[in-house]
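> If you want the building blocks of each chain, they are given just below.
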Amino acid sequence: MKQYSKLEQRLLNDFQDGLPLTTNPYADIAREIGVYETTVIENLRRLQSEGAISRIGAVFRPNRVGVSTLAAMAVPENKIDEVAAIVNEFDQVNHNYEREHQFNLWFVVVAADSDELAKTLKSIEQRCGYSVLDLPMLQDYFIDLGFKMQWT
Amino acid sequence: MDMSVIKPEFEKALIEILSQGLPLVKQPYRAIAQKLDCSEAKVIDCIQRLNQRGDIKRFGVVVRHRNLGYQANAMVVWDVPDERINEIGQCIGQYDFVTLCYQRPRRLPDWSYNLFCMIHGQNHDDVRQQVEFIVEHCDLADIQHEILFSKRCFKQRGASYRRQANHA
Numbered sequence: 001m002k003q004y005s006k007l008e009q010r011l012l013n014d015f016q017d018g019l020p021l022t023t024n025p026y027a028d029i030a031r032e033i034g035v036y037e038t039t040v041i042e043n044l045r046r047l048q049s050e051g052a053i054s055r056i057g058a059v060f061r062p063n064r065v066g067v068s069t070l071a072a073m074a075v076p077e078n079k080i081d082e083v084a085a086i087v088n089e090f091d092q093v094n095h096n097y098e099r100e101h102q103f104n105l106w107f108v109v110v111a112a113d114s115d116e117l118a119k120t121l122k123s124i125e126q127r128c129g130y131s132v133l134d135l136p137m138l139q140d141y142f143i144d145l146g147f148k149m150q151w152t
Numbered sequence: 001m002d003m004s005v006i007k008p009e010f011e012k013a014l015i016e017i018l019s020q021g022l023p024l025v026k027q028p029y030r031a032i033a034q035k036l037d038c039s040e041a042k043v044i045d046c047i048q049r050l051n052q053r054g055d056i057k058r059f060g061v062v063v064r065h066r067n068l069g070y071q072a073n074a075m076v077v078w079d080v081p082d083e084r085i086n087e088i089g090q091c092i093g094q095y096d097f098v099t100l101c102y103q104r105p106r107r108l109p110d111w112s113y114n115l116f117c118m119i120h121g122q123n124h125d126d127v128r129q130q131v132e133f134i135v136e137h138c139d140l141a142d143i144q145h146e147i148l149f150s151k152r153c154f155k156q157r158g159a160s161y162r163r164q165a166n167h168a
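Top line first, the protein sequences correspond to chains R and D.
Here the first sequence is numbered in the numbering used here, starting from 1 and rising by one per residue.
Here the second sequence is numbered in the numbering used here, starting from 1 and rising by one per residue.
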């Protein structure tokens, strides 16, 4: 696991929720940590460009805006790169993972409405040539408090 | 103040920006306000409303687990009797190493699992231990489950509603 400085650890861990709704939110964070505002901004920028941070922003309740589903396909091992690339081309797909299972390609599809969602799934099926399991969320049991890293 | 009425189109445009990420500048809400041609106060007020309505689950730094050394991201799927789904869903959803816990439909005969949770660990053994912990603490010894470890991530980004915003 990559070694992060104390400052980086705090930025990654302690501000996953409750970003201040003030004119200078990064200055508020800086004050809390005891560094300069520009130091916070520069470090967040770097962590983002290195890929440790995906974004500073909001995580919305599922289906708050538009509709989404989790989809799965069983793809032959030697076709997975090709099929994953086709799935990635769809603007409505925002996560796409290969997993160890007979159903080995798992992706999340988000659309403006259920009509667009159904059309997108159909179009993915047609272009990839494999049928898609459509597994929309029925009930959410998770309260998102962010993800706590265990620094070793 | 211009804050009493927030039009749905405005809200959509703001949600799009918030799910893509705030600009990393000193005054991010002001930057957003300039983009949306409104006041900073309106942006902040609208975010507060989304928060109060429970539409925003959390607001802050979103990390990429894989790039932080949490290589083993596993989706664990369970075939839970319908009458136990709320009890078990709530039990699994409470642990901090679980990052999602949803009920989804079965698709028989291909797919018999109806409860999905996501677990991030530093390696496969780490995740397996967490699954064992869940089995023990949520009384799941007789519940079928499978662990689907991730192999490769082809795409990961915030949900995009841009298309929708353009339609509006």
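Please note that a few of the clues may not be correct.
[What the hints assert, rightly or not] The calculated lysine-lysine pairs, modelled on PhoX-like cross-linking and capped at a C-alpha distance of 25 Å, are:
| id | chain 1 | residue 1 | chain 2 | residue 2 |
| --- | --- | --- | --- | --- |
| 1 | D | K155 | R | K122 |
| 2 | D | K42 | D | K26 |
| 3 | D | K151 | R | K2 |
| 4 | D | K12 | R | K119 |
| 5 | R | K79 | D | K42 |
| 6 | D | K151 | R | K79 |
| 7 | D | K35 | R | K119 |
| 8 | R | K2 | D | K12 |
| 9 | R | K6 | D | K42 |
| 10 | D | K42 | D | K57 |
[As the list claims (entries may be wrong)] Coverage of chain R stretches by chain D, computed from C-beta distances (three or more under 8 Å per stretch; other residues unrestricted):
| id | segment |
| --- | --- |
| 11 | 5-15 |
| 12 | 41-55 |
| 13 | 119-129 |
Quick caveat, the hints were computed from the structure, so don't treat them as lab data.
Even glycine gets a Cβ: it sits at the ideal position worked out from N, Cα and C.
> Checked against the structure, which of the hints given earlier come out wrong?
5, 7, 8, 9 and 13
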